[in-house]
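**Student:** Given chain D's structure and the hints, the job is docking chain X onto it.
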Amino acid sequence: MSRPRLELLSERQKDLIHSSSLHLIENCGIVIPDARLLRLLREHGAEIDFDTNICKLPRPLVEEFVKKSPMKIVLNARDSSKTVTVEKGGRPHFAPNMGATYVNDLETRKRREATFRDAEDFNRVIDGLKHVDFGGEIVVPNNVPPQLAQYYSWIAAMKNTSKHLIFYQTDYHGVTIAVEMGNIIQGTGTKADSSPMFSFVACLPQVLGFERSLLAGIGESARNRVPLFIQSGPASGATGPGTLAGTLVLSNAEILGGITIVQILSPGTPVVYMSYARHFDMKAENVSLASPEFALLRICQGELANYYNIPSAASGLSTDSKVLDIQAGYDKSIGLVSLISGNELIMSDSLDQGDIADLAELPINDELAAAYLRVWRGIEINEETLAIKEITRVGSGLGHNFISTKYTRDHFRTETWLDYQISERRKWDSWNRDGGKNAEMRAIERVKEILKNHRPEPLPNSVLRELESVLSRISGDKPSMQGTEHS
Amino acid sequence: MSESDLEKLSQAVADLDQDLVEMLTRKLLDKKVEPSIIIEKGLANGIREVGQKYEEGKFFLAELMYGANVFDCGYRLVEPWLQRSTAQPDQERRVVVLGTVAGDIHSIGKDIVKAMLMAAGLTVHDLGVDVSVGNFVNTVRDSKARVLGASALLTSTIPVQQQVIEKLEEEGLRRNVKVVVGGAATTETWARKIRADAWGSTAASGVRRILELLELKGDE
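Chains as they are written, first to last, in this note's numbering: chain D, 1 to 487; chain X, 1 to 220.
One or more hints might be untrue.
Stated by the list, open to error - DSS-like, lysine-lysine: derived pairs with alpha carbons at most 27 Å apart:
{"no.": "1", "chain 1": "D", "residue 1": "K406", "chain 2": "D", "residue 2": "K427"}
{"no.": "2", "chain 1": "D", "residue 1": "K72", "chain 2": "D", "residue 2": "K82"}
{"no.": "3", "chain 1": "D", "residue 1": "K56", "chain 2": "D", "residue 2": "K68"}
{"no.": "4", "chain 1": "D", "residue 1": "K283", "chain 2": "D", "residue 2": "K322"}
{"no.": "5", "chain 1": "D", "residue 1": "K283", "chain 2": "X", "residue 2": "K53"}
{"no.": "6", "chain 1": "D", "residue 1": "K88", "chain 2": "D", "residue 2": "K72"}
{"no.": "7", "chain 1": "D", "residue 1": "K110", "chain 2": "X", "residue 2": "K193"}
{"no.": "8", "chain 1": "D", "residue 1": "K110", "chain 2": "D", "residue 2": "K452"}
{"no.": "9", "chain 1": "D", "residue 1": "K283", "chain 2": "X", "residue 2": "K58"}
As the list claims (entries may be wrong) - From the derived model, a few chain X residues whose C-beta atoms are all more than 12 Å from chain D:
{"no.": "10", "residue": "D30"}
{"no.": "11", "residue": "N45"}
{"no.": "12", "residue": "R76"}
{"no.": "13", "residue": "W81"}
{"no.": "14", "residue": "G121"}
{"no.": "15", "residue": "E166"}
{"no.": "16", "residue": "E215"}
{"no.": "17", "residue": "L216"}
Unchecked claim - Pair ranges (Cβ atoms, derived):
{"no.": "18", "chain 1": "D", "residue 1": "T52", "chain 2": "X", "residue 2": "E166", "range": "28 to 38 Å"}
{"no.": "19", "chain 1": "X", "residue 1": "R175", "chain 2": "D", "residue 2": "E113", "range": "31 to 41 Å"}
{"no.": "20", "chain 1": "D", "residue 1": "R112", "chain 2": "X", "residue 2": "P80", "range": "50 to 60 Å"}
These are computed hints drawn from the structure, not numbers from a lab. This one's a predicted model, so the numbers in the text were calculated from it and none came from an experiment. For each residue, glycine too, the CB sits at the ideal point set by N, CA and C.
Extracted from the complex, chain X is given alone in its bound form:
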């Protein structure tokens, strides 16, 4: 039955069972279950449970990150079918673009943010490392993302964060996207100087700022 298969998929994600996640996802797609439902009730439900266990201290960071990985394996199988169905109405406001700025190859902090956001049910477009200003801006435009997170760990690369904000303004996109900056080279003073919307001192606080900006969490 599809319903119990969706529950099994959710549980497979929560159990970090990559093989089972892929198997059940394929099975559900074959049965023509609505792709957005596979994602929401199967995959996303599971990753939210991973996030919950992490908050409770039952899972540590490695499990959270691997969980995001497992979620991704399932998501990539469903994604090609997504365009053909209607997206969830409130999904638009849950899109975040992440990247490490051009010239910088550090990724772990960004990957932690990504995993935590996915666990909170957001859609994350991870542009990877060494991301150009143009790439950031184009992705924000195309994905209609509401939040952009840009990470810089080298003092020599933080200027790119400023350039991204300036380019967003030039392209008339700044008003519709919140920009959060982070990375060990950044400070609150810097974030204010470049008129970012928020600064994350750690991955976890960056995630809290993002959720606040998206009005998804009011308790910080």
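Only chain D is shown next, with the shape it has when bound in the complex:
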């Protein structure tokens, strides 16, 4: 198959970005507020200042350990038929939104706070969709004790989908809870041979630096072989320098620094290169997750992740729009840009830059995922598909056509994508006869159909009871809670 590929950077430019990032890591250094980790890094040759917690990693050290990242990652699912293998250069996969605290209600279409019920419904719908490959921490419920909200979100996911789950990296305590819950479900009492049924997205929240609790959590994740999305998202003009190239260099440096640390802690840990580099829009006074600049940076991240041979996660099914409207639609075209730039995982930020989740958005994302996959699949070009014999047989002249030939019958099912559910492509009369509905209405209908008819593979009652007892035990413990980044 001949597949499309977007490129922007020359080889020399990639080398330049790479060495600029290494220069930052080696000279500016990274803040690592963990004395034990700093000592370990010093043993590996890093220059440490224990007063400022700044760690300067020499270039060869970074290059050596980044290379230990696997090119192939297995994202395990509780239903093994849904396990996803992410391979550098391989078939892309699609992830849902994470961390919304609001939803646009399916009936009223107005914004309201997310509930535990929503967390369940979102995962259940995803379980019933064909092209969204993961469930997870899609919404954070507001009708539960705030310090436990993340755990409730995890349980909602575990109960309502048997796909692999993506959660936000949390502190050490949270990781032990996730591992415990995962083990309860997978039926293994100790650290499993099979990898966990969840992965963590670790957001680096400050310029070239880690938070203490995040570091401890990352260490425990690596120890448990939890796949880690190492995510950095400076916004040019605010949390990153005023140019896109500079923001790319900073993002790359932060991700490389994060990957180096993970590989030093636990060599061979499956990691994903996840750049969220974007810009701060000085007119909107907000970041944008769906701008031309966002698209450009996704192309670059695909190229850089390819340079490092590490699977890459890029946003694309994202929108700045507050409602499921035309803007939401055109914003999501960036998903195609991300996909044909060599990113293997396409992430989604729901409405309002991921703050508002909308059930009706899920079938739209699913549809786009399928469409984009068809683009990725490309065009088969060989002697047979060039169709010289067929064209010759049908012959020159007016009134000849191909619609009833065996050749057409033999090829149309593989050449064209027919499995779409939402898109309206028929003649006007057909559309009008069926009620003349727009895409949003059709998406709402599709969601209602899934909610009514789809039953995910349930967890056994004994497992549910064990999970609930973990939760009651925690509410007694009053655990520390990783705050949620909003800006």
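**Tutor:** Chain X in isolation, oriented as in the chain D frame:
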């Protein structure tokens, strides 16, 4: 002439020319021009024009913030001389203390508020990030600030906002200072619960609340 140098200083701020601002400020100080006049007619006048251009959509946020930066460069040169002169009589009511609460390192929203308040002619004591309760309270006491703005962007750090208010009450300072809370983790419900005087849902609305509380702007 001092008068035209003051005008030039004001224009330099409005043009975001940091080098010129520093040069003219030094020149005016050398000429023994009254420090508070350098600030009011030179620097503050310029930053107000920056604010005006921002309101009109001619300047965007980056220019407003850089303008505040440029103002600060000039202000820091004048500040050591300020104690020796008499402060403007109504300047007292224009003092605001800002900070991001202990445990939290987010600063951009606070920095936007600071820039907008400076553009409106207020004196801002920016305590930075990870500010302890004690630091907030002591600064309010020492500066006689009329407004305190405390920002929290992590759900785990918003309790500090409540602790600041409680400490102000304990120290008998609560009555003389208005407390405005903001930051993405906060809500109006939270602000009411901790008996803050106002809540800013965004930096801009926080600034509007502060100006209202200081009775400097009645149109919101």
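**Student:** Would you mind marking each hint as holding or not holding in the structure?
**Tutor:** Going through the hints against the structure:
| no. | hint | verdict |
| --- | --- | --- |
| 1 | D:K406 / D:K427 | holds (26 Å) |
| 2 | D:K72 / D:K82 | holds (16 Å) |
| 3 | D:K56 / D:K68 | holds (20 Å) |
| 4 | D:K283 / D:K322 | holds (17 Å) |
| 5 | D:K283 / X:K53 | holds (13 Å) |
| 6 | D:K88 / D:K72 | holds (6 Å) |
| 7 | D:K110 / X:K193 | holds (26 Å) |
| 8 | D:K110 / D:K452 | holds (22 Å) |
| 9 | D:K283 / X:K58 | holds (10 Å) |
| 10 | D30 | holds (35 Å) |
| 11 | N45 | holds (24 Å) |
| 12 | R76 | holds (24 Å) |
| 13 | W81 | holds (33 Å) |
| 14 | G121 | holds (21 Å) |
| 15 | E166 | holds (20 Å) |
| 16 | E215 | holds (26 Å) |
| 17 | L216 | holds (22 Å) |
| 18 | D:T52 / X:E166: 28 to 38 Å | holds (33 Å) |
| 19 | X:R175 / D:E113: 31 to 41 Å | holds (35 Å) |
| 20 | D:R112 / X:P80: 50 to 60 Å | holds (54 Å) |
Hint violations for this structure: none, all hints satisfied.
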